[in-house]
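Peer 1: These are the residues of each chain, in order.
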Amino acid sequence: MRTKNVQLTGYDEQIARKRLAILAAVVLAITVCLYSVMAGSIELTLGEVLKALVGRGTGQADTVVLGIRLPRVVTSLLVGAALAVSGAVMQCVLQNPLASASTLGVSQGAAFGAALGIVVFGGGVVNSGSSNVAVEVDDPYIVTTCAFVFGSLSTVVVLALSQVKRDLGPGGLVLAGVALSSLFTGGSTLLQYFADETQLGAVVFWTFGNLGSTGWMEILILAVIFAGAYLFFLCNRWNYNAMRSGADTAKSLGVNTRAVMLASMAVCTLTAAVSVAFVGIISFVGLVAPHMMRKFVGDDHRYLIPGSAVAGALVLVAADTFGRLVIAPVILPVGAITSFLGAPVFLALLTKGAGRHD
Amino acid sequence: MIEVKALSFSYGSGGPKILKSLSCDLEQGHCIAVLGNNGAGKSTLLKCISRISHPQEGEVLADGGNIYAMPRRELAKKMAYVPQQSLRSHTMVFDAVLLGRKPYIRWDAAAGDREIVTEIMEKLELLPYAARYLNELSGGELQKVVLARALAQQPGYLLLDEPTSSLDPRNQHEMLRIVKEICDTQKIGVVIVIHDLNLAARYCDRFLFLKDSELYSYGGMETMTPETIRDVYGMETEVIEHRGYKLIVPL
Chain A
1 MRTKNVQLTG YDEQIARKRL AILAAVVLAI TVCLYSVMAG SIELTLGEVL
51 KALVGRGTGQ ADTVVLGIRL PRVVTSLLVG AALAVSGAVM QCVLQNPLAS
101 ASTLGVSQGA AFGAALGIVV FGGGVVNSGS SNVAVEVDDP YIVTTCAFVF
151 GSLSTVVVLA LSQVKRDLGP GGLVLAGVAL SSLFTGGSTL LQYFADETQL
201 GAVVFWTFGN LGSTGWMEIL ILAVIFAGAY LFFLCNRWNY NAMRSGADTA
251 KSLGVNTRAV MLASMAVCTL TAAVSVAFVG IISFVGLVAP HMMRKFVGDD
301 HRYLIPGSAV AGALVLVAAD TFGRLVIAPV ILPVGAITSF LGAPVFLALL
351 TKGAGRHD
Chain B
1001 MIEVKALSFS YGSGGPKILK SLSCDLEQGH CIAVLGNNGA GKSTLLKCIS
1051 RISHPQEGEV LADGGNIYAM PRRELAKKMA YVPQQSLRSH TMVFDAVLLG
1101 RKPYIRWDAA AGDREIVTEI MEKLELLPYA ARYLNELSGG ELQKVVLARA
1151 LAQQPGYLLL DEPTSSLDPR NQHEMLRIVK EICDTQKIGV VIVIHDLNLA
1201 ARYCDRFLFL KDSELYSYGG METMTPETIR DVYGMETEVI EHRGYKLIVP
1251 L
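Going line by line, the protein sequences match chains A and B. Sequential numbering of the first sequence, starting at 1, is according to the working numbering. Sequential numbering of the second sequence, starting at 1001, is according to the working numbering.
The set of hints was computed from the structure by calculation and includes no laboratory data. Just so we're clear, the structure is a prediction, and the values are computed from it rather than from any experiment. Note that the Cβ used here is the ideal one computed from N, Cα and C, for glycine as well. Check before you lean on any hint, since a few could be wrong.
[Stated by the list, open to error] Just so you have them, the derived chain B footprint on chain A, three or more residues with Cβ under 8 Å:
{"#": "1", "stretch": "20-31"}
{"#": "2", "stretch": "214-222"}
{"#": "3", "stretch": "317-325"}
[As the list claims (entries may be wrong)] Simulated restraints, written as ranges between beta carbons of each label pair:
{"#": "4", "chain 1": "A", "residue 1": "G228", "chain 2": "B", "residue 2": "K1005", "range": "26 to 32 Å"}
{"#": "5", "chain 1": "B", "residue 1": "R1170", "chain 2": "A", "residue 2": "A348", "range": "54 to 60 Å"}
{"#": "6", "chain 1": "B", "residue 1": "E1119", "chain 2": "A", "residue 2": "R19", "range": "41 to 47 Å"}
{"#": "7", "chain 1": "B", "residue 1": "Q1028", "chain 2": "A", "residue 2": "L234", "range": "33 to 39 Å"}
{"#": "8", "chain 1": "A", "residue 1": "G228", "chain 2": "B", "residue 2": "Q1085", "range": "34 to 40 Å"}
{"#": "9", "chain 1": "A", "residue 1": "R19", "chain 2": "B", "residue 2": "G1139", "range": "30 to 36 Å"}
{"#": "10", "chain 1": "B", "residue 1": "P1071", "chain 2": "A", "residue 2": "T45", "range": "58 to 64 Å"}
{"#": "11", "chain 1": "A", "residue 1": "L46", "chain 2": "B", "residue 2": "P1071", "range": "53 to 59 Å"}
{"#": "12", "chain 1": "B", "residue 1": "G1139", "chain 2": "A", "residue 2": "G172", "range": "26 to 32 Å"}
{"#": "13", "chain 1": "B", "residue 1": "N1037", "chain 2": "A", "residue 2": "L175", "range": "46 to 52 Å"}
{"#": "14", "chain 1": "B", "residue 1": "P1071", "chain 2": "A", "residue 2": "L325", "range": "52 to 58 Å"}
Between the sequences and the hints, there should be enough to build the whole structure, so can you do that?
Peer 2: Okay, here's the thing in structure tokens:
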């Protein structure tokens, strides 16, 4: 019995390390969030920020913290976490380490849908009077629905391809994603060509990614959808672990693999599409964050799901803060920053053999 | 008992039949070898029995219940399947075996699940590997882990698809020795798809021969004859006895 305990100590230590890694990422994310709220054209102290957060701040600090920076940081947290968790789940259910909303064309489809909702169905208008070009979504339901429909279209095509041509492999699926991205980017370009000046601004906006245009209503919608999706993913974490061992093993363990895959992809698409509908295309977070976290917590979805959520939130808040401050007062589009970060990781994964058919 | 009744299977509608109206009863407490040429339908039979594949015709009853109508979770408590090839992931060995408790887990693994897993890993001498990762293991070690995961399901029937195909001779015997011991001591039914007739003769007590997608013969050691082997595999052999074991020697 003594031997048994001693030998399991190593296992328990590893589990403790995984929990510690997630906790460290949480602490880091909180630190970056606080810094992001403090830093900017109006510098605030930690005390001023904390006072504003508990409703005892000065007028200016209140406006800056509660009206501008906090919504931006909360949006980054939610969108980053949503894209990252969706990426982790897509990579598992499609058995494809390169899968994410942006590599499978879901983000581009959703962006096209969102632009279509704004331009053709009158779901939003552009206000360009302020220093930042901002899109106000007049009817978030039209925009979100359009984003979801076209994001789903990418998912349906990718799923159909993976079912019809089972020897396609991870690289093949990503190539399908590239083709779909081109198609939807072409669609967005056509919309731009026929759009008037105001509509043109709106369409271009979705291709940049902007975390500064969301109000508390959009944040509430994002939060509710993310909370529901996160709960769904957590409830399925044992199913994902089983599927990670191979489809036949998962079936033998009592998992309805097809149902879990279809439901998970639908939830991933909804989460990614809603994120894109409100903030535009944010590439590679869904790819980078789960792979970052795998280094610390492995493939076990009991830890990978919460870990990816924290890592995604951290990456996006950090990227947005960097984009906001590096050449202030000009704000760089966050989509470009995450692409700069993600492309090398994507290439590294390819050279490591992740794109090969396992 | 697993009752296979008039099972027919083909991939896609109109495709060639991989199994043709196959019927047999697989008894608990026996180690049953499924034998036959490549493409005879051995692995497909195993997949149909474990509901991984769905046959077009026929049914499979496990202890009287139709497996295709049974809740998946309940079936997973009755039968465990070990695939030919297992995926390596960055998962710790203990967690990989703990996954076998999935049919019993509602929200998270309980202390009882952990105890069962520890016991099985101790029996298979896997405890020293508990904190190692699957992608660091050798083929033999990985196969043992996969077997341990299947045993953690506490099944009445263990279905193994060519469990020794990627193992060296020492590990092949080690693997089948463990399986045989489990079959004898726990009285569970073991069904093994296997190519090596000598390993089958040594560790199994029932032999199910498939030929051209149909059942050729099913029975005890008396069915392992040069005539059967000639008909099923198209090769001449001699069956001799050496130190109490039957050996199949190709001529």
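Peer 1: Hints first: check each against the structure and report whether it holds.
Peer 2: Each hint tested on the structure:
Coverage of the stretch 20-31 of chain A by chain B is violated in this model, with 0 residues showing a Cβ closer than 8 Å to a Cβ of that chain against a need of three. Here the stretch 214-222 of chain A counts 0 residues with a CB under 8 Å from a CB of chain B, which misses the bar of 3, and the coverage is violated. Here the stretch 317-325 of chain A counts 0 residues with a CB under 8 Å from a CB of chain B, which misses the bar of 3, and the coverage is violated. Between G228(A) and K1005(B) the beta carbons are some 44 Å apart, a value that contradicts the proposed interval 26 to 32 Å.
Checking the proposed 54 to 60 Å range against R1170(B) and A348(A) shows it is violated: the Cβ atoms sit about 39 Å from each other. Our hint of 41 to 47 Å for E1119(B) and R19(A) is violated, since their Cβ atoms are close to 26 Å apart. Distance hint check: the CB atoms of Q1028(B) and L234(A) are about 38 Å apart, consistent with the given range 33 to 39 Å. For the hinted restraint 34 to 40 Å between G228(A) and Q1085(B), the CB-CB distance of approximately 37 Å keeps it satisfied.
Distance hint check: the CB atoms of R19(A) and G1139(B) are about 32 Å apart, consistent with the given range 30 to 36 Å. The beta-carbon spacing between P1071(B) and T45(A), approximately 60 Å, falls within the hinted interval of 58 to 64 Å. At roughly 55 Å, the beta carbons of L46(A) and P1071(B) sit within the given window of 53 to 59 Å. Against the hinted window of 26 to 32 Å, the Cβ-Cβ separation of G1139(B) and G172(A) comes to about 28 Å, which satisfies the hint.
Checked against the given bound of 46 to 52 Å, the beta carbons of N1037(B) and L175(A), roughly 38 Å apart, lie outside it. Distance hint check: the CB atoms of P1071(B) and L325(A) are about 56 Å apart, consistent with the given range 52 to 58 Å.
Hints 1, 2, 3, 4, 5, 6, 13 from the earlier list are contradicted by this structure; the remaining hints agree with it.
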